[in-house]
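Which chain is which? The protein sequence lines are L and X, in order.
Count the first sequence with my numbering and you get residues 1 to 338, in order.
Count the second sequence with my numbering and you get residues 1 to 521, in order.
The hints are simulated quantities; they were obtained by calculation from the structure and are not laboratory data.
Here the structure is a predicted model, which is why all the values come from computation and not from measurement.
Ideal Cβ positions, reconstructed from N, Cα and C, are used throughout, including at glycine.
Please note: incorrect hints may appear among the correct ones.
Calculated lysine to aspartate or glutamate pairs in the DMTMM-like style (CA-CA distance at most 20 Å, straight line) [said to hold, decoys possible]: (1) K484(X) with D215(L); (2) K109(X) with D274(L); (3) K284(L) with D274(L); (4) K109(X) with E217(L); (5) K77(L) with D220(X); (6) K99(L) with E419(X); (7) K77(L) with E30(X); (8) K223(X) with E76(L); (9) K54(L) with E467(X); (10) K56(L) with E467(X); (11) K484(X) with E234(L); (12) K307(X) with E330(L); (13) K223(X) with E330(L).
Ranges of calculated distance between the beta carbons of each label pair, as one might list FRET restraints [what the hints assert, rightly or not]: (14) K54(L) with L25(X): 48 to 58 Å; (15) E145(L) with C114(X): 42 to 52 Å; (16) D46(L) with I294(X): 54 to 64 Å.
Listed below are the residues making up each chain.
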Amino acid sequence: MKKLLILLFGCAYLFISCLPLYAQSKKQVVLYTALDQIFSEPIIQDFEQETGIKVKVVYDTEAAKTTGLVNRLIAEKDNPNADVFWNNEIARSILLKDKGILASYISAQAKDIPSQFKDNQGFWTGFAARARVLIYNKDLVKDPELPRSIFDLTAPKWSKKVALANPLFGTTATHCAALFVALGDEKAKAYFQALADNQIVMVSGNSESRDRVVDGELAVGFTDTDDAWVAISEGKNVNMIYPDNRGLGTLLIPNTVCLIKNAPHPEQAKQLIDYILSRKVEEKLAFSSSMQIPLRKEVKKPDYVPDYDALSVMDIDFETVAHKLNQSGEFLTGLFLR
Amino acid sequence: MSFIPKPIIILCAILFIIIVLGPLLLILAETFTSMDNLAQVFLLNSRQISLFKNSMLVGVSTVCFALLLGVGYGFLISRTDIPLQKFFIFSGLIPLFMPAHITAIGWIKLLNICGFAGNIFFYSWIGVGFVLGLAYFPFIMLLTLTGLNSVDSKLEEAAALIHSKRHVIRKITLPLASAYIASGAILVFVFSLSNYAVPDMLRVNTYPVEIFVQFSAFYDTAKAVILALPLVAVCLLLVFVQRYLMANKSYISLKARNKQKMLFKLGKGKIAAGLFCALVFSLSMGLPMLILIIGAGNLATYAIAFKTAWPQIRNSLLFSFVSATFICLISFPLGYALARAGKKTRLFIDLCSMIPFAIPSAIFGVAMIRFWNRPSTTIIYHTFLVLVFGYTARFSAFAIRAISANISQIHRNLEESAELACQSWSKRLRFILLPLAWPGILASWVLCFALCMGELGVTLLVIPAGEATLPIRIYTLMHYGAHKLVCGLSVILVLIIMLPILIVYLLYNKYKHKLLSNGAI
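Okay, chain X solo, but in the shape it has when bound:
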């Protein structure tokens, strides 16, 4: 822990606990003290069974779709001579930054155009799994990529001497990467289990939908909180499974293709492989976007959209920029601690950062109001700082993990050498750690910026009076049938989210060689 002094890490941990856990603990305490009959909530009636069944079906179908797309995609771009490899790496990551409900809107509009409005297969757990699978497959793709990069090439080469390459892939390569793939599947399962927007749009009743109903139709916050507890329990259980699977392994590798690894020649299959990746891109991003662009009509729609929604666009940009920066500032020391600290500290950070994934945004919103709306914290609740804290609570886990993954790849010898060479921790931080860790920080910033731009659930409940964001504007317009404007603003939202990704991608390509020679990636 020589790069960042303990007091700074402790300070960030305290901030993290106040911002992330404070509101949740308060609302939990209020719930348990206000509810007379807790057992009633957990009573296993036919509705509870139906909710459990639907939630599981959504989770499993999402994982199946995401595995189908993510493993194949990850393998093709990392271990084969697929054409347009650079483009497919980039296009495979894009859905990660597109809000799942935008994908759902695109698909619903597409089905309506094709005359399949209200199709019973789409408006079911199959449809939800399909849409969420398209939205979340990049997680599996990224972990597959990392897993494949970690496979020892000597094992593959030895196997290849006596077996066909297809056999090597099936029996050596994929089994060795399976822990990473399973870990990705767990992550996707947790995300799909706590997603509200897509099941609601496709009218499938899952736990998050029921929680929303209790909260919004019956105004029973206590029951909504209690209903969220099974989600938290499942989530925490899966964190332990994931930790077991990923013991001493890194989550993310930013290398797309390790040149020392065995490369599988596709031969005539090149075109089919290219078509598969193009199809995945089309389904996840291309088609929904195309539908939105067609729906928006001509350029005049965008002009009207910009003119009428400029204050909301400006707010979204400002809030997301400040939030992403704050998240990275607080997550950097915690990510470092997650990579370098002892087992207990690591487990603590891991668990604390995973809990927010299982909490539906509506509950988070109310918890934030109860926690921050008091005379002593007016300065936070009445300004956009409350949004910054809300976004930090929701998304800092992503940043902590990405930064930690990056720091884990920096050899400890470097740390020890730096300590011998330089007494000042700040110099070690500035000249050694930051230059090596910045890809992780940058990736976290971009991801958090994108997530903040699309956030709706918490924003809706805590946004200061007189302010609004772009997603709020889009949802408001959806109500009175302003389809063109909804499509136009959705396209603008996606483009704004894409802009920093594109800049990072271009910078990466420009300075890749310099970075590689510095050992930064």
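If we strip away everything but chain L, and leave its shape as in the complex, we get:
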């Protein structure tokens, strides 16, 4: 038995001594990204090849409603492990800034990004955006009756025919908070009350909103351009509308990249941020199946990706939107999620 115990302790000692080798590598950077792995992975691999820096990635998943990493960053505040956070939206990056989790870094690559999409102190920088769109089933909705505005959807003819993802999570939460900011509290509450009265169908996420329209179960759904494009590019009988092009404007939600305060590998982190903010990454994301809209004019893109200038973009201050998230969330919880 003694021999067995000595052997066990020996193995345990060897195992534990090897763990630091497993845990650390010299030239590396730790990236937390909420952008889908299928889109972010090729870009990260290119960066590794170009720089020789190993990127250790933690991806978020749909199960965590793309907020798992934000919670992890908050919990790790006292002893951060991540160097860079690549968020697929903007509001949670501002929340992280407010919680003192981000450090300032103004990348030279970001100079031609419109000022609406970057923090003037450099805590977050936006690039490659998705638009909030309406996806519709071409069998169920014909051209003349297409909703051109999100406000059309309160009409009785759309009763029980429209899908909206859980308004507490992801880009839907940002969209709702943006409407609170753009319309004012009273008008926004009245609008959402009208949607509730019109029996809008709540679904778990934007991908489900798309799927239920694709299946013909619902006529129209609120979703993002990347989700809608997945179905359109697969030849499904659906199309998308950029709503309110002549009024309030379509909401554009950019990706954001942020440097983490007290990051373990700050130099490599800055290199990675510069790379992510480069034009070629915007170009790759535009040509990928996530069809992200470049925020800079000269970036190459396929024809089906709209020009930033051609869109009527909702003019909104994202900091105000981020600070509105809790208030709008509490109202919408009471309205839709009882």
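Mind docking chain X on chain L? Use the hints.
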């Protein structure tokens, strides 16, 4: 306590407290010191009432479905001459190893195919109860089986002299096994109350869903922790009820049919009974799996799935293997203590091991980060050891109970005789206890391996950078409509979980007679 010396048990207990209770106590302390107005959280508004109502409805409907399936199934395979009995024992246990959210995915896809997408009955507490009932009925089946095996056959035989067998079942057999059945119902109620994935998928707002919302939408960890406290309280209360019901009774018997017990001949009812068991198997396992297999399409999907997800499959296997082994190592001395120690120690182990059942995985994940993410414990937090500890915290209760149940069945006389015959505790452990307790250890290992393979909530929050597991991969793919690959990987996940069960089942059948003659089972 002659087989395992007290210092080893104390060492394991300390490890257990550090790994399981340490993170929870820390986050609780942080919550109470950071919250200004605790009363606000408990304020009874209409939302709280609605959450309570939904949670209770989910719990009760799950128990009803699970009782309906589990009691009937357990009775048929243990006390009747049902055909294909061996197959039904095996198939009845399989849903235990299938993650409930996989069953839910299968059923959602099935309804979509049948044109019932978004059906209001399914997308309600009825649907949640149905899916969770299908996932958890094996717990009731197992306890029914154990209860029926414990019934004194003389009582049944005496009653059978003057009454029909149907009357005997109703008035003697089932009432005598009712404590076990009720205990199973309590277990299922606790599990359903703390399940997040299925109510979320079917859009029913229960406490775990609300906790997730507070945590993930409002980033209010303190409120999420406070909201989990009623779940912990209900859970602990039910532990006491269960202890009362199960006083001096064993939880699990690995014998399917006790040959000395009264057997009820089904006659013409054989086919109906067989059909009932086949239907239960189809609903819980067969149909969801079939839908996933159809959804995956041809073999090319599996080839792509293996090729693209091999690192995640390898990680899942490695993490689950190491975790299940560690859980069994730490749970064996504690299971032994639970079976043999004094009342107070037993109550302590019982309560400590039940608390994790009531804690939603997201809270556990944050608690683990707060506890382990510090410079002195980098070696744990930056490696997969953090996952091993996370899985230990979540699942060791299963192993402790299964091992304890097995050890309780070993007669104390054996222990005393061994003590007289042999001075060395290690020899007594190796030559007496381990050979007798290994079925419980093996069963625990298989169960923990399966649970670790399917775990998502904690993994998501603490997985080291650069690593991913198979469930993470599946959920990531679900987002962008890769339905074929999601189905293919789900099938692969279930098959990997099934593999050790199949090996154990085949080994059991091969060496059953030898084991029986040794008295190991």
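What hint numbers does the structure not satisfy? When the structure is compared with the hints, numbers 2, 6, 12, 14, 15, 16 turn out to be violated.
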